[in-house]
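**Student:** If you read the sequences in order, they're chains B and U. Quick note on numbering: the first sequence equals residues 1 to 271 in my numbering. Quick note on numbering: the second sequence equals residues 1001 to 1276 in my numbering.
There's no promise every hint is true.
Stated by the list, open to error - Label-pair distances were calculated between CB atoms; the ranges are:
#1 Val79(B) to Lys1188(U): 49 to 55 angstroms
#2 Glu1037(U) to Arg94(B): 52 to 58 angstroms
#3 Val1070(U) to Gly211(B): 55 to 61 angstroms
#4 Met1167(U) to Ala164(B): 37 to 43 angstroms
#5 Glu183(B) to Ile1024(U): 53 to 59 angstroms
#6 Leu47(B) to Leu1171(U): 54 to 60 angstroms
#7 Glu174(B) to Phe1187(U): 56 to 62 angstroms
#8 Met107(B) to Val1070(U): 47 to 53 angstroms
#9 Ala15(B) to Cys1016(U): 36 to 42 angstroms
#10 Gly211(B) to Glu1041(U): 27 to 33 angstroms
#11 Ile1017(U) to Ser68(B): 36 to 42 angstroms
#12 Leu47(B) to Met1259(U): 32 to 38 angstroms
Read the hints as simulated data drawn from the structure, not as lab findings. Note that the Cβ used here is the ideal one computed from N, Cα and C, for glycine as well.
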Amino acid sequence: MKKQRIGTWSVIYSALIFAFLYAPIVVLIIFSFNESKSRGSWGGFSLKWYESLFRNSDIMDALYTTLSVAFIASLVAVVIGTAAAIGIYYSRKRFKSLMTNITYLPMLNPDIVTGISLLILFLFLGINLGYTSLLLAHITFDIPYVILSVMPKLNQLDKNLYEAALDLGATPLEAFFKVILPEISPGVFTGFILAFTMSIDDFVISFFTTGPGTSTLSVTIYSMARKGIKPEINALSTIMFVVILILLVVVNIRSAKDVKKDSHRGGGSFL
Amino acid sequence: MKKAYLTALPYAVYACIFIVAPLILIVVYSFTSSGGEFTLEHFQRFFNFDNPAYMLVLWRSVRTAFVSTVICLLIGYPMAYILSKISARLRSILAFLFVLPMWMNFLLRTYAWMTLLEKTGIINTLLGAMGLPALNIMYTEWAVVLGNVYNFLPFMILPIYTSLTKMDQSLIEAAQDLGANRRGVFFKVTFPLSLPGVISGISMTFMPAVTTFIISRLLGGGQNALIGDIIENQFKVVGDWGFGSALSVILMVLILLSMNIMRRYEAENAEGGVLL
Chain B
1 MKKQRIGTWS
11 VIYSALIFAF
21 LYAPIVVLII
31 FSFNESKSRG
41 SWGGFSLKWY
51 ESLFRNSDIM
61 DALYTTLSVA
71 FIASLVAVVI
81 GTAAAIGIYY
91 SRKRFKSLMT
101 NITYLPMLNP
111 DIVTGISLLI
121 LFLFLGINLG
131 YTSLLLAHIT
141 FDIPYVILSV
151 MPKLNQLDKN
161 LYEAALDLGA
171 TPLEAFFKVI
181 LPEISPGVFT
191 GFILAFTMSI
201 DDFVISFFTT
211 GPGTSTLSVT
221 IYSMARKGIK
231 PEINALSTIM
241 FVVILILLVV
251 VNIRSAKDVK
261 KDSHRGGGSF
271 L
Chain U
1001 MKKAYLTALP
1011 YAVYACIFIV
1021 APLILIVVYS
1031 FTSSGGEFTL
1041 EHFQRFFNFD
1051 NPAYMLVLWR
1061 SVRTAFVSTV
1071 ICLLIGYPMA
1081 YILSKISARL
1091 RSILAFLFVL
1101 PMWMNFLLRT
1111 YAWMTLLEKT
1121 GIINTLLGAM
1131 GLPALNIMYT
1141 EWAVVLGNVY
1151 NFLPFMILPI
1161 YTSLTKMDQS
1171 LIEAAQDLGA
1181 NRRGVFFKVT
1191 FPLSLPGVIS
1201 GISMTFMPAV
1211 TTFIISRLLG
1221 GGQNALIGDI
1231 IENQFKVVGD
1241 WGFGSALSVI
1251 LMVLILLSMN
1261 IMRRYEAENA
1271 EGGVLL
């Protein structure tokens, strides 16, 4: 196919779209260095919000809750989800389609319905709203992401691989840990990252399933938004944004290198 | 592998308690009066044609979401098309730049729009400096639409972009060889082949836009409440769980129905593709 040259209009159009997408982020980052507390006016350059950020126990507690809930929930989701994916994959058709449909439910349902239904459940079961309920809710919406990341890897798997391992004398557990798991590990890893991201990013479900005294960053930001967001939050988001930017750039450069290596070896990458 | 399904049992139990039971509870609550008896009053309160206040809110939610989705499609399709045309290296960088904003808390990004849009905000200061009239869309339905478009545009662009890059390029060449001009190639070949991406883009934009309650709260002010705001209010402020559950059930049915229609349409399209 002939290579098309990118026209001037395409460049202008892309620039406009990116300006739209990045405008609020630029505003946030700039205002995190604002000397004045108001979000409307510029009072000069200052790092004071970065200093007071670490002394603000509300924000630090919320950050801790966000990260620990995301980490524990995605870890539990990876264990339950990977086991579930394998079980569903090897099970009979009817059970398979039933479980797949149930797995899709939380993804299709609006977050607000998931959040409310869990809220009702927790009060029905007499579970106090707080860290535990928050964790259970996050595990619930994390598992489907793990299952849906692991499933494609299982589908690519050679059906006879497991049997072969057994024939060669492996116990079922050995066959799983030494044969199946290494094959599907990229899917497991993707599932973990996806679940972790979803947990950190979630607001709606956390909002309904957390109680007084426990708050994630999103919930804290939401309650602040009514009175006015503290500039410390801008500072924190700037730090998080930069950290994620660096992480993603490193990961991308690495994977780009891997692709290069692969193509040198002649193993074409299908990505 | 007779016993392999056993490894799915923990999940099956978990899913019954935390996915299936809560949904059953919502339905039960929506048919239960405050006295604990069976009732239709919550649904009657919604489908009240003498005072259609709640139906109007649902209508406003659907309308806002529809407008937002159309704008996302109109803005997003050309962007996805441009992305699919550029070199692989530039493409991966741009795709990365598209996903990057999603890593910043979306409440904060939406909040930042308030700074930009306010009467004396940044946009109006810039417009004023250029001698242009001020833009006063804050706390209107258009501000909500803007918030939706801003938050959900990547969800529209990425699936369209994926279907455009996966497309069999030889079909386009064939069309060109057979004498189609650029417009003909686009409308008769490229666009129809990208429809699966368009459809998943539409559902990934429309669904969250219908049910949002934060964007409308922050940018729309009090008078542009959407169905999500009403539900949130029933649970967090009013405490009328029965009515809140009934509204959730209505919303759930609406979403699952439209997903079903979308999927059927997608399936038909796939068949059409096979026939081609």
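**Student:** Against the structure shown, which of the earlier numbered hints fail to hold, in ascending order?
**Tutor:** 2, 3, 5, 8, 9, 11 and 12
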